[in-house]
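2 protein chains.
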Amino acid sequence: MVDSAPEVAVSADRTTLIPKLQTIATRLRIESVRATSEAGSGHPSSCCSAADAVAAVFFGQMRFDPQNPQNQDNDRFVLSKGHAAPLLYAAWAEAGFLSKSDLLSLRNLDCDLEGHPTPRLPFVDVATGSLGQGVCAAIGIALNARRLGSGYRTYVLMGDGESAEGSVWEAAQAGQYFRLDNLCGITDVNGLGQSRKTQLGHDMEAYARRWKAFGWHAIIVDGHDHGALLEALDEAQKTTGCPTMILAHTLKGKGVPLMEGKDGWHGKAIPKGAKLESALESLEKQIVSGTDMPTIPPPPVRVASDVLQGTEIPDPAYELGDQVATRTAYGAALAALGSVNSRVVALDADVGNSTFSEVFESKHPDRFYQTYIAEQVMVGAAVGLASRGAIPFPSTFACFLTRASDFIRMAGIGGIKANIKFAGSHAGVSIGEDGPSQMALEDLAMMRSVPTCVVLYPCDGVSAERLVVAAAAHEGMVYIRTSRPKTEVIYDNAAHFAIGGSKVLRESNEDVATIVAAGVTVYESLRAYEELQKEGVSIRVIDAYSVQPIDEKTIVHAGLQTKNKVITVEDHYPVGGLGDAVSEAVAPHGVTVTRLAVREVPRSGKPEELLSRFRISTAHIISAVRAQIQSDS
Amino acid sequence: MVDSAPEVAVSADRTTLIPKLQTIATRLRIESVRATSEAGSGHPSSCCSAADAVAAVFFGQMRFDPQNPQNQDNDRFVLSKGHAAPLLYAAWAEAGFLSKSDLLSLRNLDCDLEGHPTPRLPFVDVATGSLGQGVCAAIGIALNARRLGSGYRTYVLMGDGESAEGSVWEAAQAGQYFRLDNLCGITDVNGLGQSRKTQLGHDMEAYARRWKAFGWHAIIVDGHDHGALLEALDEAQKTTGCPTMILAHTLKGKGVPLMEGKDGWHGKAIPKGAKLESALESLEKQIVSGTDMPTIPPPPVRVASDVLQGTEIPDPAYELGDQVATRTAYGAALAALGSVNSRVVALDADVGNSTFSEVFESKHPDRFYQTYIAEQVMVGAAVGLASRGAIPFPSTFACFLTRASDFIRMAGIGGIKANIKFAGSHAGVSIGEDGPSQMALEDLAMMRSVPTCVVLYPCDGVSAERLVVAAAAHEGMVYIRTSRPKTEVIYDNAAHFAIGGSKVLRESNEDVATIVAAGVTVYESLRAYEELQKEGVSIRVIDAYSVQPIDEKTIVHAGLQTKNKVITVEDHYPVGGLGDAVSEAVAPHGVTVTRLAVREVPRSGKPEELLSRFRISTAHIISAVRAQIQSDS
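Protein sequences, first through last, are from chains A and B.
Here the first sequence is numbered in this note's numbering, starting from 1 and rising by one per residue.
Here the second sequence is numbered in this note's numbering, starting from 1 and rising by one per residue.
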């Protein structure tokens, strides 16, 4: 019954609904213009073009609880054209969640109504403002409805200039592949970009051809005609087997004569004074009805879904000395986690047989999302899924996560709400023959650049399994770096691994140097230990499996015992990786770091040859220790 | 006359050409299979599907000097599906440039025939192996022909799985926009990805719809039918006003019964022994003609083009104390450079009125390439342009360069051949009210991660102009970071700025601390100097405008004079930026670094409020100095 509410609302008396929507749209314009003028910056022209569409979606179509924007079953709205943020804020004020006076604090330091929407606001699921990302998140939000068995629908408002981003077409193909008929996009085709007319201008058919070619139902409408907008939204709701894109022909700055349809008004507030007064006066005249609001239908009835919320999996079952790749252990642990926790989902970009997410897929096919070779929508969908309660593990080769670097950056704006567990396999030169295009040597820097991101880098099967579990249990973003080659199991199955921890693998009172390693370089360090032991030289070896946060206490303690010096060794470029992490942690204690890292673009070769060629092998660790002994003496 | 040579060659007696091409294709398969088996890894099945297309393009269509792959006017071939590298190497062996015996050193450490193609090889313009990038580079290579007035044509071979990358559709729209009828793509639709069937399988019409919707001429052919391939290539050559995409229906592993059309053979070499013998035996049987080669037509006649090669522009003309944004100075210098050097080109992603590349556009519209909001193809095209002799300056907001992070990573594989000058504006929290989505706080880490990349970060108009000129003169990749707010001109117009240099702005024998700053934090440091002077405390202030390479000598010298300590301050996250660069440089000298940087996700607000809120302002520098004095005493 509740499910049929929108039908009733929309088909009720349109002759009374339409003027109400027109008036709401005008009020949204007024608030957007006023707020940006007050702030002295912002994008009123981009708000004005989309105001009618937003009014129609929010107050003529969506089913939601305006006082509880996070209700699990609310229809969702994503503002992919994030620069129209004031319009979104005005809509939530219109719905009664915000007070209209708050809108005038737009862009102030201590107001959450920022220049572009962030998840600091309870009605914003994902940060937008980098174009072409909201539509990818919407894919994940729509997939999440399927995961939950919820009837909520997802709406996403895009800009036309934004359609130039390749990520939009990754989202398009994902929408087609997943047959997301619970997803409806609206493109605000106002024809003007930031610096000029868009490439396609108002060629509505050109847009329609593209969306249709990517398998969507496409509808062209006059974006300022509420009757047409409502009909298109109804049609979208009735369309099965594919998503719908409503292409709304609009004018930038609509309703404000000063800027309507005019280039040169992108990202400019109307100056306060005569110009603002005149703009507001024109808008006020466009109010055609009273202030009575249409009824907002409640969200669809919640489907009772008892979800598994387990966080423990059976202990790893390796023998010490077993040879197992951390990526293999990752896949095993992830699949096991999936069996105890139904929030856990996995995404992969056609390399599941390399990252071993395929183990999860075979056990939990309904919670595995294949995006094919499209890392941006893989990550964007993960952001969307996480925003609605899933715990997504997107995985690919670590180097190809850089393809989604901007998505990771934007996800980071969500802070701990971005509860995503990235997994990057094939880290570093140790992958061998495939060559530099497949080697991740900057991924630690990229992931560490997200302030709240935990960065984990296990060296063996046991630590890999344990850290996958720790990642899932942690609230917030985590990155797990895995390696291609098999490595020896060195930890007992019962060993404990904590975010922020490390393991001291070799230690004595006679240690002359401290080696901090992670992943494959742990083994090089252990071999260096053995070699040096033969000469009667003792060194400390620390496995810094938690690169961020780094185990400052343990490393500083070791460094202070070895003449205020530490040697780091990592299968990564020197920038932003283990060496920099350690260096910053120890600096306040007067400890300095010698960094062994890959210092030039590598090449194809055998893994052991490459570790040697790029100076992160046992021999180089030994040399660094000897150099330190010499300088100390 | 030479220009019409291909017509003659192609239309010559096809009844004799076709069997020759069939035989060449078979030999390419044999070499690809043999080399990967010898290497023990690689992608023979992906080579076999595309062998007929490569044979047809190289030996039935392209005009080039096989002994001089870098000839300016050779038709170009880009292997966007880089994992088919052995096929490319075999083609160049077939053309006589490589010896066939070299092919068996594939993937060996000291052989340039790597797992994926890199520009270490003279016939490889751009590194490929991260999918969806070669086609973006091809856009730039085709644009370069227009820049030079050369008649060369550009061919790009793509995989079908690769078409899932959004960057492919950015390239598609750029090809349409620039009307690149000198560009011809071939998609090897073998229907199988790495882990499974591709999303579209062999639905050739679905591919055609997409390419047509993006304005390309699309031709579907049997990719193993040389007659059909030659006709399609002819048709592409005759097509005007848009690029052509030939969609070749193929079988993965074609010609080798063991793997033909079979899933599970991606990225797997055939084991040596019986399986390899059987594969080679089947292939040998497919040789239908002798070993006589078709004639390769010479490249089109060189168009004499006297290009301007100047590297000097007039001195900057500011007054000390002028207020000018570094982004504005960037635009002015770039436009001036364009007037003296015709290799200089600019690209932008619809923010030219913010980055000030619009100044270049207005003066040199024929060398300005607008990619709209599509940063991947902007960077990819720049990589292609650079590979053919242009000096491209792609620019956008620095944060949106992260959208092309994987392209920048791949460009870096080209080393100094990747002669690209990236410009990122709107760095850091100092942009103010637009909020975190628009603030670059990880760009220094991203660019420093390219081992050969120079990273420049000017603070005023004079240094900005000088560093743009230095960037252009430097052979290799450079990143120029500019700021949004106006800053005071502090340098004399005649001042000199060198890559690897710095400026000591304040210095005395009584300095108690060294501050290393760059960009907007230079001004915070100078204000801290003034404040501390009032208390009789002297500090050294260094403008580290060259972040990579960093001026180790000057900073170490200063650090040693201030009790082995340095304070860095940057409008960037602490990861991989100025602090880390300085830290690594000074560590060998026992100097440690206190880093002031942005340590949490920022928010909207006024620039000066944000510098303060995120602890990189004058007050925080003063606090850090005081803390250092206290710990020293």
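Since the hints were derived computationally from the structure, they do not count as laboratory data.
Just so you know, not all the hints are guaranteed correct.
A pair counts as met if it fits within one copy or between any two copies, since identical chains are not told apart.
[As the list claims (entries may be wrong)] Simulated crosslink set (BS3-like; lysine-lysine; CA at most 27 Å straight-line):
#1 K272 <-> K486
#2 K534 <-> K20
#3 K553 <-> K563
#4 K212 <-> K197
#5 K285 <-> K100
#6 K275 <-> K238
#7 K272 <-> K238
#8 K606 <-> K272
Hint check results:
Within a single copy, K272 and K486 get their C-alpha atoms only as close as 66 Å, which misses the 27 Å cut-off; across copies the closest is 23 Å, which meets it. For a Cα distance limit of 27 Å, the shortest separation of K534 from K20 qualifies neither inside one copy, at 86 Å, nor across copies, at 64 Å. In this assembly of identical chains, the alpha carbons of K553 and K563 lie at most 27 Å apart whether taken from the same copy (16 Å) or from different copies (24 Å). Proximity of K212 and K197 under a CA criterion of 27 Å is satisfied in both settings, with 23 Å inside one chain copy and 22 Å between copies.
For the identical chains of this complex, K285 and K100 are intra-copy neighbours only, at 20 Å inside a copy versus 80 Å across copies, given an alpha-carbon limit of 27 Å. Taking identical chains as interchangeable, the C-alpha atoms of K275 and K238 are never at most 27 Å apart, the minima being 44 Å within one chain and 55 Å between chains. In the homo-oligomer, the alpha carbons of K272 and K238 never lie at most 27 Å apart, since the shortest distance is 45 Å inside one protomer and 57 Å across protomers. In this assembly of identical chains, K606 and K272 lie within 27 Å of each other by CA distance solely across copies; the values are 18 Å between and 67 Å within a copy.
Violation of the numbered hints given earlier is confined to hints 2, 6 and 7; the remaining hints are satisfied by the structure.
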